Amino acid sequence: MKVNGVNHPSPADARRLLSDHLRHELGLTGTHVGCEHGVCGCCTVLLDGAPVRSCLMLAVQAEGHDVTTIEGLARDDQALHPVQQAFHECHGLQCGFCTPGFVMSVVGLLAQHPSPSPQQIDEGIAGNLCRCTGYASIRRAVQRAAELSPSPHRGEGRGEGET
Amino acid sequence: MKPPPFEYHAPTTVEEAYALLGSLEDAKVLAGGQSLIPLLNFRLARPQHLVDINRIADLDRIYERDGGVAVQALARQAAVEDSELAARICPLLSAAVGLVAHRVIRNRGTVCGSLAHADAASELPAVLLALGGSVVVRSSRGERTIPAGQLFAGVFETTLAPDEMIVEAWFPALREPFAILEESRRHGDFALAGVVRAGPKLALFGVAPTPVLADPRDPARELQPSGDLEATPEFRMHLVRVLTERAFAA
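Taken in order, these protein sequences are the chains called A and B. If you're matching positions, the first sequence starts at 1 in the numbering used here and goes up one per residue. If you're matching positions, the second sequence starts at 164 in the numbering used here and goes up one per residue.
These aren't lab readings, by the way, just hints derived from the structure by calculation. Just so you know, these numbers come straight off a predicted model, no measurement behind them. One should not assume that every hint holds.
Ranges of calculated distance between the beta carbons of each label pair, as one might list FRET restraints [what the hints assert, rightly or not]:
{"id": "1", "chain 1": "A", "residue 1": "63", "chain 2": "B", "residue 2": "209", "range": "23 to 29 angstroms"}
{"id": "2", "chain 1": "B", "residue 1": "207", "chain 2": "A", "residue 2": "12", "range": "56 to 62 angstroms"}
{"id": "3", "chain 1": "B", "residue 1": "247", "chain 2": "A", "residue 2": "65", "range": "49 to 55 angstroms"}
{"id": "4", "chain 1": "A", "residue 1": "29", "chain 2": "B", "residue 2": "205", "range": "22 to 28 angstroms"}
Calculated cross-link-like contacts (lysine-lysine; reagent style DSSO-like; alpha-carbon spacing at most 30 angstroms) [claimed, not checked]:
{"id": "5", "chain 1": "B", "residue 1": "191", "chain 2": "B", "residue 2": "165"}
{"id": "6", "chain 1": "A", "residue 1": "2", "chain 2": "B", "residue 2": "165"}
{"id": "7", "chain 1": "B", "residue 1": "191", "chain 2": "A", "residue 2": "2"}
Just so you know, even glycine gets a beta-carbon here, dropped at the ideal spot from N, CA and C.
All chains, full assembly: derive it from the sequences and hints.
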C-alpha cells in the first residue's frame, strides 16, 4: 500500500480499519475518526485520487492502491495546498476536528467540478459534519479554493488574478 | 466500534468467489462495504468469513444489454451516476443513484451491493422494482436471473441462496416520464418515505419491509408503515400520498 507516495508493508490484521491503520500503525493522526460508520466524514482520505471514508474500508483493501491523507497534500516545507490555503483565508474552521475530512472531500469535489455552483458546493460538502462554523465560511472557502486551484477549464497557464 | 473477528478472503475471479461462498459456512460478500462495514463496526453483523470481491478484474462494467443498462457487481455508484450510457437509456437510474448517501460514499458503494443489502428505505431496490428490472446471480450450481419482483423477501433479506452472488443488475430502458422523490430529516440520509415513478408504475420505499408496488390513485392503501422517533406511521402515509401526487403531476 502506498500512502502519500511512500510504500508501506501490508496490515497484519484483516479486521483493522484503514482509518485505524493510518493513525495507529503509520502515525498519520491527521486523519480524524469521528463516528466510525460513515456519517461524519472526518476520516475522508483519497483512494487513487477519489475521496472515500477510511472508516468504511479495511486496511487490507487498500493494498495495491494509492492513499493520500491530509499529511500528503502539502509537505512541511512547502506552500499549503490551495484547498488548505482557502480554508485558512476564509476561516473555514474553528476547532479543526472536521477539517481534514472537509479538505479531502473538497479536493475531490473540485476534481469533479473545477468551478462548482453553490448547489454543487452544498452537495459536495453535505457528507461532512461541522459543529462549529455553521458552514457559511466553509462554503466561502470552497469557492476560494476553486479560484486558487489551477483548473483545466480556465487554463493552467493563466494567472490567478484573472479568475 | 471495530469489526468483530472474521476470516478474510480475496478471490480474483468470480468462479473463485462463488466457490468460496459455496464451501464456507456463514460467509458474506464484501463489495463497496458502505453498508456492511458500518454493520461490522456496530457489531450488528458477525459473519465468520468475508469474501472481498474487489480484487476481481473486469467486474465493473456498465454496458447496454437487451435494450437496458447492465451494471456489474463492482461498478461504483459514482460511475453509474456519471455514466452517459445510463443517462441516455435509463435516466431514472441516473437520478436515483445521485440520491444515494453522499458522493464520497458513492465513490465506493456499488449498485449491486445496495440491491443485495436490500434496505427497504434505500432507493435502488425500489427503482429496480418500479422498472421491472432483474439481477443475474451465480453460484457453483450455475447462473439464474431473478426478477425484481421476486428478489426482495423481507427486511435486509433477499431470495439469494447463501452460495449465490449478484454479478449484474439489469435496468430496462425508460423513455416515459419518471420521478424519484423522497423525504429525509437530513440531506443524504435514509428516506422516511420515498416514491419512484416509472411511466405509469409506482414503487414505494421506506414504508414496508421491502420496496412495494402501489396504485398511483391510492398509494397508501393497505400500507402499514412502522413508526419511530423520526416519523409516525400516519406521517409516512401522508408523505407517500403527497410525493405520489407530485411524481405524477409532471
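Hint check:
One distance hint, 23 to 29 angstroms for the beta-carbon pair residue 63 of chain A and residue 209 of chain B, holds here, with the actual separation near 24 angstroms. Remark: the range hint 56 to 62 angstroms for residue 207 of chain B to residue 12 of chain A is contradicted by a beta-carbon distance near 25 angstroms. Under the hint 49 to 55 angstroms, the C-beta atoms of residue 247 of chain B and residue 65 of chain A, about 26 angstroms apart, miss the expected range. Against the hinted window of 22 to 28 angstroms, the Cβ-Cβ separation of residue 29 of chain A and residue 205 of chain B comes to about 24 angstroms, which satisfies the hint.
In summary, the hint linking residue 191 of chain B to residue 165 of chain B is supported, as the alpha carbons are separated by about 17 angstroms, within the 30 angstroms threshold. Between residue 2 of chain A and residue 165 of chain B the alpha-carbon distance is near 23 angstroms, which keeps this suggested pair within the 30 angstroms criterion. With a C-alpha separation of about 27 angstroms, the suggested pairing of residue 191 of chain B with residue 2 of chain A holds against the 30 angstroms cut-off.
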